Amino acid sequence: KGGTDPWSCDCLRLTPEQQELRRRRDPDDPQSVMSVLRSISVSESDANAIWCDVFRGRLTEAQYSSQYQISAAHAIAFAVHLARTGHGGCAVGTWLAVCSDVKQAANNCRNLDAWTPRLDMGGEEPRPLQLAHRENWDELIDLALLDGGYLFGGEGELSNPRCYLNPKARGDSHGDGSGHHGCAGLSIAAKGALVIKVSQSGGRVSIFWDGDIVWQSQALF
Numbered sequence: 001k002g003g004t005d006p007w008s009c010d011c012l013r014l015t016p017e018q019q020e021l022r023r024r025r026d027p028d029d030p031q032s033v034m035s036v037l038r039s040i041s042v043s044e045s046d047a048n049a050i051w052c053d054v055f056r057g058r059l060t061e062a063q064y065s066s067q068y069q070i071s072a073a074h075a076i077a078f079a080v081h082l083a084r085t086g087h088g089g090c091a092v093g094t095w096l097a098v099c100s101d102v103k104q105a106a107n108n109c110r111n112l113d114a115w116t117p118r119l120d121m122g123g124e125e126p127r128p129l130q131l132a133h134r135e136n137w138d139e140l141i142d143l144a145l146l147d148g149g150y151l152f153g154g155e156g157e158l159s160n161p162r163c164y165l166n167p168k169a170r171g172d173s174h175g176d177g178s179g180h181h182g183c184a185g186l187s188i189a190a191k192g193a194l195v196i197k198v199s200q201s202g203g204r205v206s207i208f209w210d211g212d213i214v215w216q217s218q219a220l221f
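Counting along the sequence shown from 1, when you hit position 126 you're at 126 in the working numbering, and nothing is skipped either side.
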């Protein structure tokens, strides 16, 4: 019937694309976006808002693979976890970006002066940490304590840790501080990247896409 919403109701005639989107929203499917979000006790209303504001309207486009979307969901889950728990009783602020094409995103960011890679890693390459492996989260939190943020590939692998944002990069931070300005600019420069900011003040999580905040949590810490 006219006006039927294939995302939220039972429809008899679904295209393969709509069937795939329904699967990704199924909280009982361990490989779905919703199951990842609910696994860290994101409320049902917040999980639905993230799905509608971040995934359904943006990341479900054909050029973003299902693996990229799951990696983005794990990145949001990690950010919420970090915002809630902090480290040693203190709130921790950082940012992370998930890019479908890491090399292209990194080149764009350097060319547009959206970030500065941090090169003094003590002569050691970062371990290939995976967002989906929660045993890695403590090590990722330790990296966050060293300042800067992280860039992840579309498979959820750590690519560039400890990068500094340029707060003058253009973008709409809705009146927040320089870190939010930098994240907004990064989400424009690294085309096709989902950028997530964890605020040290109050532990609020903000999700940026193409220069705008598309979802923001309440204070979690």
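Be aware that one or more of the hints could be misleading.
[Claimed, not checked] Below 20 Å or equal to it, Euclidean Cα-Cα: the simulated EDC-like pairs (lysine to aspartate or glutamate) are: (1) Lys191 - Glu157; (2) Lys191 - Asp101; (3) Lys103 - Asp210; (4) Lys103 - Glu139.
[As the list claims (entries may be wrong)] Now the in silico label distances, taken between C-beta atoms and shown as ranges: (5) Leu145 - Asp101: 37 to 45 Å; (6) Arg110 - Ser39: 18 to 26 Å; (7) Ser201 - Ser41: 37 to 45 Å; (8) Asn111 - His133: 26 to 34 Å; (9) Arg84 - Pro128: 34 to 42 Å; (10) Leu145 - Ser39: 21 to 29 Å; (11) Ser66 - Gln104: 18 to 26 Å; (12) Gly89 - Asn48: 28 to 36 Å; (13) Gln18 - Arg110: 32 to 40 Å; (14) Lys103 - Arg127: 13 to 21 Å; (15) Pro16 - Thr85: 21 to 29 Å; (16) Ser41 - Gly88: 15 to 23 Å.
Note that these hints are calculated values from the structure, not bench results. Computed from a prediction, not measured in an experiment: that's the story for all the values here. Cβ atoms here follow ideal geometry from the backbone N, Cα and C, with glycine treated the same way.
Worksheet item: Which hint numbers does the structure go against, in order from smallest to largest?
Response: When the structure is compared with the hints, numbers 4, 5, 6, 7, 9, 15 turn out to be violated.
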